[in-house]
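Chain residues, written in single-letter form:
Number of protein chains: 2
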Amino acid sequence: MTDRPPISDAFFNPGRVAVIGATNKLGFGFGVPKYLIEHGYRDRIYLINPKQTELFGQPVYPSITDVPAEIDLAIVVTPAPIIPEIIAGCLEKGVRSIIIESAGFSETGPEGRQLERTISDMVAGTSTRIIGPNCVGVVNPHNGFATTEISFAELKPGHIAVVAQSGVFGNILMDWAPTQNLGLSKVITIGNRLDVDECDVLAYLAEDETTRVIALYMEGVKDGARFLKTARRVAGIKPVIILKSGRTEAGSAATASHTGSLAGNDLIYSGIFRQCGLIRANNFLEMFDMAKAFATQPIPSEPTVAVVTSSGSLGAMTTDACISLGLNLPSFPKEAVNKISSRAPAWMNIRNPVDVGPSGLFGPAMATAMETAAMNSFILIPVLPQMVLQEMKEADKNMDMSTWLGDIREIRRKYPEKPVITVTLGSHVWMQLIRDFLGDEMPILNTPENAARAVAELYNFGLRRQSPFGGVFPDSPFK
Amino acid sequence: MTDRPPISDAFFNPGRVAVIGATNKLGFGFGVPKYLIEHGYRDRIYLINPKQTELFGQPVYPSITDVPAEIDLAIVVTPAPIIPEIIAGCLEKGVRSIIIESAGFSETGPEGRQLERTISDMVAGTSTRIIGPNCVGVVNPHNGFATTEISFAELKPGHIAVVAQSGVFGNILMDWAPTQNLGLSKVITIGNRLDVDECDVLAYLAEDETTRVIALYMEGVKDGARFLKTARRVAGIKPVIILKSGRTEAGSAATASHTGSLAGNDLIYSGIFRQCGLIRANNFLEMFDMAKAFATQPIPSEPTVAVVTSSGSLGAMTTDACISLGLNLPSFPKEAVNKISSRAPAWMNIRNPVDVGPSGLFGPAMATAMETAAMNSFILIPVLPQMVLQEMKEADKNMDMSTWLGDIREIRRKYPEKPVITVTLGSHVWMQLIRDFLGDEMPILNTPENAARAVAELYNFGLRRQSPFGGVFPDSPFK
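Going down the list, the sequences are from chains A and B. Going by our numbering, the residue at position 436 of the first sequence is 701; the numbering climbs one at a time, nothing skipped. Going by our numbering, the residue at position 19 of the second sequence is 284; the numbering climbs one at a time, nothing skipped.
Hints are supplied without guarantee of correctness; some may be wrong.
If chains are identical, the list can't say which one is meant, so a pair holds when it fits in one copy or spans any two.
[What the hints assert, rightly or not] Straight line, CA to CA, 20 angstroms or less: simulated EDC-like cross-link-like pairs of lysine to aspartate or glutamate:
1. K290 x D661
2. K679 x D705
3. K299 x E659
4. K290 x E659
5. K299 x E656
6. K494 x D473
7. K290 x E656
8. K679 x E706
9. K358 x D337
Calculated from the structure, these hints are not laboratory results. Owing to the predicted nature of the structure, the values given are computational and were not obtained by experimental measurement.
Next up, chain A with everything else stripped away, as it sits in the complex:
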């Protein structure tokens, strides 16, 4: 189906929406229209259900063909068997964007598979695109539009697009995102992919202005050749981070059961991903840590890192991880050493990584590192034992992070071309304080290893983007 038209903005910012299968019973048919009515769609939502006449104070139409207005997006939440008939109505009505959320398709066996084939045959050759089935559709944190119930109170709009197969995983990632300070641009759950697949979504996100990085969870490629071509092109435009499961035989059985995909041999996938310039994540924490870096940080011009830490141990772990990934830790030039050491206590060694310990010299050390031309990326590790923080607060009620860390936000802003990533560890209180202080300017990642990988992949992406191989950089020094 390579001749299918691209998916449209109507999926993410529709004018008029129909919910087919709206009902007063708990479930998608109740939750989705309720959500949309409460979030700006009261005057442009059309509820469809032949067995109802009124819901949420709205009229209910027996069929989409009865709706007295054009529909940009139809959301289908009825039982699976009647969906071919519903799609026929949508086509008759001229609806170009449809999301089928219902389960009961290829994930359940041959009959469901046949049902999907029937529907995909119906839309082949038309300008109608279908997302799903067996998914929760899309979420657009920038305008509050969602085809699933979600709390936007905490979800932060941002620049990371998330593509998942299953609806549950998509929903819990959105619950989890605020705990990680992740800002999202779009969330798309593609389910069983009877029509729209990962390639369509990648192509859309490549052009989407709010998206800077794409985090793609996948359990199997639908069309290998097309994926290769699309992914290679998109990965040359925007970083694409991929988390693929179904790597092993039993894992494949698991994924076949829940989204109807057939997982391929893992080694082949790894090769394909590398050839395409996709960034393969080893687990979801690493995926979103890298995504956070790409969403907020510039691309470094050289593979060099300076590590500024108040914990020697975390500094050593970070250094290890950087070196294993092929990053360099250049030494401070003589003038820089003199500059820091003139203020430093005797025990402090001015080297890279620089461990400022309890000297209070975090800011000055960072400033000196950032002004060093040979240092192009920065991993900051500000840690402070809770009791020390408490004592500082007792001594100075107005104490905030800058009392101890210095004006590191101003220092950071002086060098917008250099990425700065943070790793820290501590109590909930500490994490909240430091997160509020650093914001997105110096995003906090979960481990030293993830921070190092993020820096390496920022640099790698810069190489790929410049490469004459169209998104492919065949001899990157990094793994």
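Position chain B relative to chain A; hints supplied.
Showing chain B alone in chain A's frame:
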């Protein structure tokens, strides 16, 4: 110094304590005595400082030899240069346990190194042991004793012993521990190891009744042959998880600077660790996730796992990780399939991993898995979108986790010989609810990959413990 006496309980539960270098200026000399006075040591603490006469309402003695009582533990927080003189006083007084917290030793250069040598020569051949210098000593969460300022309000006593080199890292791990629901038995920071080293500590912890698992952060072994012998012996008694940095050249430079150790070649270390039966962690999250499993779960008799999940995607990731580590996921026997499927919706496939989705059958599926003889370990993945949880709460004010998950705590208790590990993901609210519900009986780990590794290492440890090779199991099928 293999002939040195073992370290004594006086380090962790001393009768009378002296703080040498107690002062009214902010810092260790102020914070440590203040902490001890507030935590049960008012009547058995002796403060030493020739320049003071009274502190915290206590008399201050010019020297430890002036103290009119026997001292079990001396904590030294004075500047480094005068410490040899102080140690002489301690030896004269007959103090057998000393912690030197001061910095300014081998981590700063040759003079500091010489200072350490002077002190270690002084105690050689005596029955006095010294922890440090350049550390924060010890913390005993079971009795509230600590030689550093720490908030016990949140720190939970438990069965994980933590050994770190640096004081800062030790302190922030203790701040972080409650956020991970980690229960600790002892925390020991060994600093520059002028006398007591990782071997002494391992030997102590092997016998310590509150310790079930040892988490050792290390930047270099002090005495290779002795480490090999001790670690091999201890690893046959209790699981020892090791996180070693200074793996790479630049990393080595970093560690040399901050605790004065010389990091060895990483490959050699990996070989040694494997030979000794030590469990090498790839990062601190994995270290403490494994530790949590060892601290709370039994050893499985076979390398089999059942995965019970409400997210197919997380189930697939977990299965991948299990299979890559050599664990088996046996199928459900026919009767078990029938038992679950009689209650299950049509879309639910009864296989291992079993994805119960929104069926509400988490409890029944788990019960059936646990009663299956061929399934010896369990990874549970209960996830629930926040909005669904909210609706359940609106429908039923008294709703708690068991409304949705069933009586899984009772199910778990029926099979005390089978380990059960949880992975979940969601909002802060969700994480708190599920953590409170599951407690330590089904500890929550950070990623599917860590859960799989934990199960594999539980099983591996069981093999090593039974092995005739004295803690070494040369042909484990696991990596």
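Evaluated hints:
1. K290 x D661: between (57 angstroms within a copy, 16 angstroms between copies)
2. K679 x D705: within (15 angstroms within a copy, 47 angstroms between copies)
3. K299 x E659: between (49 angstroms within a copy, 15 angstroms between copies)
4. K290 x E659: Result: close only across copies, 14 angstroms inter versus 55 angstroms intra.
5. K299 x E656: Intra 50 angstroms, inter 12 angstroms, cutoff 20 angstroms: inter-copy only.
6. K494 x D473: This pair counts as within: shortest intra-copy Cα distance 19 angstroms, inter-copy 60 angstroms.
7. K290 x E656: Between. Shortest inter-copy distance 12 angstroms satisfies the 20 angstroms Cα cut-off; intra-copy 56 angstroms does not.
8. K679 x E706: Only inside one copy: K679 and E706 sit 12 angstroms apart there, 50 angstroms across copies, limit 20 angstroms.
9. K358 x D337: For K358 and D337, the Cα distance is within 20 angstroms only inside one copy (10 angstroms; across copies 88 angstroms).
Going through the hint list in order, the structure satisfies each hint without exception.
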